[in-house]
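A.B. asks: Chains H and W, in that order, are what the protein sequence lines are.
Our numbering puts the last residue of the first sequence at 197; the count rises by one with no breaks.
Our numbering puts the last residue of the second sequence at 708; the count rises by one with no breaks.
Think of the hints as simulated: they come from the structure by calculation, not from any bench.
Don't take each hint at face value.
[Unchecked claim] The list that follows gives simulated cross-link-like pairs (lysine to any residue, SDA-like), each with its CA atoms no further than 20 Å apart:
1. W:90 to W:76
2. W:92 to H:110
3. W:90 to W:118
4. W:169 to H:114
5. W:550 to W:601
6. W:90 to H:161
7. W:169 to H:110
8. W:481 to W:512
9. W:90 to H:110
10. W:550 to W:431
11. W:92 to H:161
12. W:137 to W:169
13. W:26 to W:56
14. W:220 to W:184
15. W:219 to W:237
16. W:90 to H:65
17. W:218 to W:208
18. W:90 to H:64
19. W:571 to W:632
20. W:38 to W:9
21. W:376 to W:504
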Amino acid sequence: MSRREGSLEDPQADSSVSLLPHLEAKIRQTHSLAHLLTKYAEQLLQEYVQHQGDPFGLPGFSPPRLPVAGLSAPAPSQAGLPLPERLRLDAAALAALPPMLDAVRRRQAELNPHAPRLLRHLEDAARQARALGAAVETVLAALGAAARGPRPEPPAAATAAGVFPAKVLGLRVCGLYRDWVSRTEGDLSQLVPGGPA
Amino acid sequence: MVFQIQISRTETSNVIWVGNYSTTVKWNETVHWSWESKLPLECAAHFVRIRSVVDDAKFPELNFWSSWSSWQAVHVQDFLGQDALFVFPKDKLVEEGSNVTICYISGNIQNNISCYLEGEQIHGEQLDAHVSTFELKNVPFIRKRGTNIYCEENQRNAISDGTVLFVSKVLEEPKDFSCETRDFKTLSCTWDPGTDTALAWSKQPSQSYTLFESFSGKKKHCEEKNRCNWQITQDSQEIYNFTLITENYLRKRSVNLLFNLTHRVHPMSPFNVQFENVSATDAVITWKVHSTGDYFTFLCQVELHGEGKMIQQHNVSVKVNGKYLLNELQPNTDYVAQVRCADANHFWKWSEWSGGDFTTPEAAPSEAPDVWRTMKSGSHNVTLFWKPLSKFHANGKIRFYNVVVENLDKPSRLEHHSIPAPANGTELTLDQCSYRIRVTASNSAGTSPAAVMVVSADPGNKEVEEERIKGTEDGFSMSWKPQSGDVMGYVVEWCDRPQNPLCDFQWKNLGPNTTSTVISSDAFRPGVRYNFRIYGLSTKRIAYFTLSWKNYSTKSQPAFIKGYRVYLKSKAGQCHPGVEKAVLSDNTVCCQYKIDNPEQKTFTVENLQPESFYEFLVTPYTSVGEGPRGTFTKVRTPDEYPSMLLRVILPVSFCVMLLVLGCHLKSQWMKDKCYPDIPDPYKSSVLSLIKSKVNAGKLYVHHMAIED
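Only chain W is shown next, with the shape it has when bound in the complex (with noise of 0.2 Å):
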């Protein structure tokens, strides 16, 4: 059946509303119907009637609208007294960008009442001599506890009324829906909610969430405003559609999700990580996953992170133990690792990470110590200084310095030194032979290789450049002449107080094509003057020798002793350059050294050629003139580099041997590959069946002969 219903306002001439509504009958049964007015009902009276069509089409000839029934008043405010003042509606519920309209009823036919939203005056439109109405459009939130809405008669204050209309937030579509699940076991859905649209004076409570399933056609209420846990059960249904509905008084909404159970597999973080077979430079991290099934397989990646920053990072597929190789790791490092696992087959969402810490132990130094040394001008005292290691190449806490001095000269005396870590220097107390000095760093774990450093006996009153150089913002710029010779580099040095212990002495090795530097140091003070020198490092060993005539007594002898002549003999005839030459009564070569101090009793002749041979004469003079020369005294200069020589002539004396051994062997296989016997017709079968050709042939020219 059809019914049409009409409603009026104030009078039942004025139809404000005609609307149908349909709906299937029974006899006798109450049909229910309601209608909203948009004016409150308080404010005017309000009539309806209705009337009814059978829409059926299996009765048509009931297909007529019945007679209308009479009109029902509808009087909500009935009598007020004369200084009544009414604001309606009370305490509305309406949603945020609605329209709203409010109404007061005066006791008084009267035109000065004024009304208030929020402390704002609002215009309305009279209806009648009593009523008034206002129309709100697009009312805004402005709190939970609700808008005033206040309206007083102006002359007389004490007449008054209000109401208050709680505008609700608009209910948001949920978003962000989605579920997944860690065990098989449980669904975790969540979602954004949005605004909450509770307002005060339980007007509103915030809005409900309710999960619906389509497929198991089961529903749960969410208690909580942003997430929902929903039982797996254990009929192995794969594919769920969910639908999340919300809903408050004014408003419902739903969002839905259709998806793969084992596509949503967000494991739970790995368990029992654990670090086996730490290394100086490897270690094995392990790690167990929570079995979802035998055929989970899950991939997890590790991340090494060390000094704050990560290192590396590696995938791995695990079914339920992970392992992996860390490698390239530094020795005496604390490191931090970490896993975490997603399913390998649909990957959803990773697991929390899992992790530990672990540290490498030490590991010997890999570099020799950066080492340098001064030597006090007229004592064979050495000072050596060496730079810490860094982290890099220390590999681990430096314990002590090991140095070990050899005398050249006597190589048979070692000397061994332990300074303690962390000094960076000592001196050695040596005398006028030449030293090999090697100076080793030493962690727990081993020694660095050795710094090695020579030191000549004395080298004698050499003349050294000088020269004044200016300091820049930059630092001290310096060039110098490329020495001649085989140089291996150079090394700067410098202090500010050369001849003070307490001088900050540093030094700088460069290379051997450089020829210039500059030098700069945070440590450089303006006004204060620095000492530089530059050492060219030679790979060649000078060799030299010391003469000595400590028992020649000047004083005893029968003229004043002006000083000595040294005189050197030596096959190539070469002097070095600034040494004179000299030629002997016998018209041969040499070179001559002058010591013009009658107390100098020693001279060392150096830059001479290792392994060789000279001769020397050592003799003095007077204002007259020399001494007697006596004979030439030979001496051979010690080997260069006896075990750089080892170094080389075993390995290829060694290979040489493997060369003659394999040729002996083989030495068919070589015979016939390098030089085969030349083929001696003479020996061949083939010649034995050619000379038998040839013999008969022979016979045969003999018979001819003798038949002529």
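So here's chain H without its partners, still in its complex pose (with noise of 0.2 Å):
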């Protein structure tokens, strides 16, 4: 595959030009898988708010945003960015992800540990996330549009000292968990083949 072939610079402009059939699939595989962990990870907030208690999910609750060190939200800005540099976005999001849900995992198993599936569900979450960023590195490989260099290590999951701290950031971390695979979802469409441009 040629470079030229391969490139993603503007995908818009080569609408007509017809993707390897194994990328194609590989694009529509990637996608699906995120249209799916979409759902999932909608599930695994409101499932995550249930078992922390009142006020966390009434509906007006608003925590405190703590922050998450090593990952932010995805910011509308970033909507006008090659697709390219938006998938990488994606990918390092997904990289970053994984670490974070094991300590919410942990911390929840200290707080609930009569909560088996809510514990099954952020370690599924983690695994999911990893191999969801390695899906769309493998995709921008493909296309020649990978990251440069090598990946920055993701930095340690944050810790929250007390209690309730903790299930604050639970709750940030879930909240950008659905945020960052919604983001990639979106950002695949426009890769496959027929769908949006």
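Two chains, two separate frames, one set of hints: put the complex together.
C.D. replies: Dropping the structure here:
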């Protein structure tokens, strides 16, 4: 595959270029995965708040906006970036999320030891984020748009002092997971042949 | 020394607490003391100072207060940013029902911060421009995961903070604390721990339990929350004084137990339970108990169960080997027997049950079958029916029924029939003789008593009273006149289709004094006709004999034979009711029977007395009159109760013989007692003496006579 053929600098301009079948299949597969994980992430968020007690889960509850070290929410301004750049940001976020989700699971194991389903879903989310991130990386590599140089190690998962901050941090991490998976699905949909331009 | 401590809040002049602390001190030794503030220390500045006095009688001169130390400030929460909001205390552990003070510190001087407990707004007091407090009284336990307390600035939702309050259930005193031994090696102590006070987030583990024994001074940490084992040492300690201590991070409780080891013996269950000498009505149960010393006696309880319920219960005193005879058992029955034991001297607890099952063998059936019969009219065939014996009387599985038919007129003939169970009847082909039929039931162990039935020869054409009755919901109600003579009972038989071999033939036995009954059955169907017959069972056998003149040819007679006359003479000269009397030419009275059918060549003369002499004569008659009367023929009816007589006479005879023999052997004694000799004075020695005197008297008289 030539660089030109594989280039996605301007997918809209090159929409008439036919992608190799295996790349097309990979893109579709990754997009489907992202679509599925978006639903799982939403369910995980709902399940999480139910186990923290009120006011978590109550309408109108606005938890403290604790910063999550090493990861911020998808910014609206990122929508104007080129697709490869957006996908690179998606992959970076998906790589940063697993250790954070693991940390949330460890804290929840102390706080909610009798909620095995929540703990299992947090473990699944970490694994699924890692898998989606790797799939996005694969697509980027196939397109010749992989990130240059070694990716920096994701920072150690933030810990919160105190139970309430730990609950809030877990809520933030689950929210970030949902937001980034949803963003990835949207970005990949632009690559899917026949998808929205 | 006594130390007085003052604590102020917000500013030194605002003293909020004063207290004294007394302790012994050593030179240059650091003294430790703590105080817990109800208001989290983060929410206000606190100040503390101290002074002391020597409170020792040995140093009265030092008994004056020192100067106060300078105020020491305690600032837990320092600089706050402008948009900061902090809620305290963080993750505090409290006990259910206690009071807790929550506070928040805000970086902004504002009045629009709202706080919520489990989503419900709470209201507090403003301590100063930056601090507000909330007094939570009697906090309830909500969940092990804690209670969320959260505050936020109303205008700007982004500014908020919270804390989690961990409320613990109150540690309960252990209930039902008890100790026992099963083997004199280990004491097993148990209790009800009540609520587990463990909380999530490792805030508080489950409460711990520790056993302390005061006489030995030993202590043991219990690994389980509701039991603990204690090793019994060889020093023969009998009395134990246990303290069970439970504690969590907030509270400590204890209970005591004082007891004598020998009064807390819970034996292990008996073993090696066996059954010996199992017969149809008895069985011996044996068992062993775990030995706990030569001087130990067990009280063992034996229970026998049959058909799902307890039948017998017995108490047995046992040292090592137990044994008990179970009697009054039923044959061919499954039983379960179990045994448990306890300390005979100081009852504490029963051991668990140990047991097994056994089955008694069969025994011979204990009751004669209920038998009845039907006879077809004009036929000598007898159909016997019998009802199956109940389980109680069968004593096992009935294998077959034995039917023995004895011809009473020809006693040497006996017919044996063996009918396999579960048949409930059989058909016998008989002739005109009388028969005694004995029916018995047999299982593997033996044969039942016999049901005996006598079937007489053709009873003749008796008119049977027939009545029509109507059935009700209760059944069929019927009554009859009591029969004359000795009646040992009545039998009511019925069926729906009497001539049909498939008739559901049934019968019911009734007592001799019964003259009415109600026959009810679930098998009765509406609109169906049922035939009922009532029979009286006589104890007395009616004698009869049958005459036959089959060789007499009516056709070859010179006249038309219209029938026959039978004349019967008896000593009593009485005729059975319904039988005509006739006077013969010699003026003897006899009974006359009329047979109007010339073809009938047999006739049974019945209702005769047993063991009696009769004379009979049969003569034909035509339209003109009777035929010649020949000589009467003599006949003797057989004995009624020969065997019964034997049963009566023999013992009586035997007794009489014994009496005679006894009298003979003791004849002298009998004689002396019953008929002693009447003394004969002339034979008496005394009489001899008197005679001498009399003779002397006579001589004297004679002498006197001479002198005159």
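A.B. asks: Of the hints stated earlier, which fail here?
C.D. replies: Those not satisfied: there are none.
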